[in-house]
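S.K.: Quick mapping for you: the protein sequence lines, in order, are chains E and R.
In terms of the working numbering, the first sequence opens at residue 1 and continues consecutively.
In terms of the working numbering, the second sequence opens at residue 1001 and continues consecutively.
There could be a bad hint or two in this list.
Claimed, not checked - For each label pair, taking beta carbons as the anchor points, the in silico distance ranges come out as:
1) R/L1339 x E/Q403: 22 to 32 Å
2) R/L1326 x E/E402: 40 to 50 Å
3) R/R1345 x E/E69: 13 to 23 Å
4) E/N145 x R/V1333: 33 to 43 Å
If you're looking for bench data, these hints aren't it; they were derived computationally from the structure.
Just so you know, even glycine gets a beta-carbon here, dropped at the ideal spot from N, CA and C.
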Amino acid sequence: MSMVDSPDLLSMKGITKSFPGVIALEDVDFSLRKGEVHGLVGENGAGKSTLIKVLTGVEHPDTGSIELEGKPIQVRSPQHSQELGISTVYQEVNLCTNISVAENIVLGHEPHRFGSIDWQEMNVLASQALKRLEIDIDVSRPLGNYSLAIQQMVAIARSLEIASAKILILDEPTSSLDVNETNLLFDVVRKLKDQGHGIIFITHFLDQVYRIADRITVLRNGKLVGTYETGSLPRIELIAKMLGRTMTDLDAVTKSKVEHEQKESGERVLEAKGLGLTGSLEPVDLELGVNEVLGLAGLLGSGRTELANLLFGIDKPDSGSLTLKGKKIERFSPLESLKNGIALCPEDRKAEGIIGDLTIRENIILALQAHYGWFKFLSPEKQSEIAQKYIQLLGIVTPSPEQLANNLSGGNQQKLILARWLATNPQVLILDEPTRGIDVGAKAEIQKLVLDLADEGKSCVFISSELEEVLRISHRVVVMRDHKKAAEYSGDVNDQTIIQTMAGNL
Amino acid sequence: MKNSSLLNRIRESRLFLPLGALVLILIFDALYSPGFFKLGILQDPVYGNHLYGNLVDVLNDGAPLMLVAIGMTLVIATGGIDLSVGAVIAISGAMGAVLINPSLGNQLVSNAITARDVSNTPLPIIVLVDLAAGTLCGLWNGFLVTRAKIQPIVATLVLMVAGRGIAQLITNGQIMTIYYTPYFWFGNGFILGLPVSIYIVLAVAILAWVLVRKTSIGLFLESVGINAKSSYYSGINEQNVKLFAYTLCGLCGAIAGLILSSYVHSEDANNIGLNYELDAILAVVMGGTSLAGGRFSIFASVVGAIVIWTFTLTVYTLGVPANALLAAKAVLVMVVILLYSEYFRRFLNRLSERRAVRPEVQKGAESGTAN
């Protein structure tokens, strides 16, 4: 038992990694004990992902050493890191949605019988693996049939059970889970911790860090700020360490909302009457005023996104009506909505939002160009002008508008989609989880922006899983539950009421 | 510094690899079959004086493939594929042959003159019907892909198989010989000493380029090819964009069919334009357009088609028997696949980086000693 003299399961020392033009990590130390949940926090671009990539062999460090259970190792490739017992569950589920849950879980380790895959045994193995996470689903159905949350759990089950990981890296695992599912995950994490696994937990939800982490390591701009025992680090100090500044930005958001409320005119822009789609959303009544931010709260799968998709014309309603400025909308498609001045920043940034291999400039002018059609082509000069304008306006951090959108960080990608829609000068802006998975600073900026837009006479529908955020910026809050509208509150409702409504107690 | 960024830009250009390949093949020819470059002036009683030689043949023989590659580029840019272009070539050729001489079975239109200059249909109508037939084929493919939501490879497989059947129905299963001199002009004629087909390719390429790059269609094609869902969410009519690409691809196939049937003075529904779809895909891939869709370059694909034909004629000039041509082509395909594999490219990049770093290190050391 060499563990006695080396209590660290994992020890990374002096890790430096630079890319052309950027130093992503500079002399960073990180250690993980057995039976420890270690929170890794920092703003986007702080170096968390790079540190994880170094640990999982995706990137090779320029300098620095890694020891696993006291033995120096060199992680050659992601596969090699799995063989070493280091497994990762990523923010974006990277499984195959068109094959069964069971196949996803055992992929590459299928049980064989007489030289061919033993399907029955495979299904048994897979459902056992999931039952240990207290999830009981039909593992023979395609993964794509299940919600993002379930897919995430499948990813976790896969790395736990099949790769038999010693170290489990959870990269934003809860960003698509609802409260119950998060609790479930944490139960599993605690169990693993008791069994002596080391868990690296990366998240933007600071309350979750405080709930589950034993120690916290803070990174900022590729440098180590420090590693702290969770109990000895008050939350406000943690945020200050992450940002290198105080929380005045968020205070400013609250203030601007208060100032703004006096301006409200009560004029209606968008009105839904009994708007619904069988199997997706029960009929909903909704009103949206000029200068108004309407919050949509609700658990994952409560019908928030379904409502947004109906309002934007992704799905066509089969009941009720939608009226924009007194005019009934007859045809439903994103293009029609675009022409009507309705915009949607979709929930899934990567799959539904950015066009990764196009440049930032092209991404920004895309919706405007779609509005203009095939033959009224924006000249390259005009495109650059528009792109520059919105890059500045939204503070998108990039060396050039000719960079690929893929190269932007999450927060900047979100701003990019916002820029795309602002360029079309919409009247109604629907934002589905615009701050998911982005850092505190960018979050505050986006919240402030939404309020500024409402101030300028636009109307916003703001959807978020973070209740605190919905309450902070919304003038009214609609709570969704079980695919229907459960209640509507004015903006000064307290969070307990909303939680109770979401849970179905009110 | 400026120099190196220019070099980089050339290296990153989509034209770099196909042009590089072309230059390599030509260097090979210069070394091993210098006759390849021989050009002469032929006194032709029908078409007047014109150039002849291997280089001219490359362009003339390669013209149909270049045309098909132009259409295929747009389809592949949307993330799709069109397997039916060979069949579209057959249909277009069959339409032409039948319109000239509707009596199936090779009877002459008129016995009086050996029917050299007699056609049952005026030439402009023949051309228009040909092109319309191809456009219709493209529309059909586009309809299957966008409205019936059938995967492109399956959707165009339908016409790939059925198209030759349709062509055979048109020609009544016969190999039709065409006796109509004006029709031969497309595949054999010359303007200012150069083959007519080259002018057609040039015109189509420039028109296609203007159509996609001077409008927003090019942007939409790439956007849809990279991420169709995001494009739809951004208000792009993704279905119409795809429909456009397939339709244009059908039209290009029809022009290629016109030139090919004119070139060989006949229409053989079973063999005309055989495997053109695969060569066209190869040309497009050589032009740097990913089969996954996205960024594309029409001119790079045309150069890709030229590379294929330069290679083919080089192999012939070397005296390699025709039945070994496919094996030789396999080598070309292997090289192309390697050059475009992510892994191989990273390997090359690392090599060139290492070379680039070394002199800098030396320079650093020198300046260090100077201090």
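S.K.: For which of the previously enumerated hints does the structure constitute a violation, in increasing order of number?
M.R.: 3
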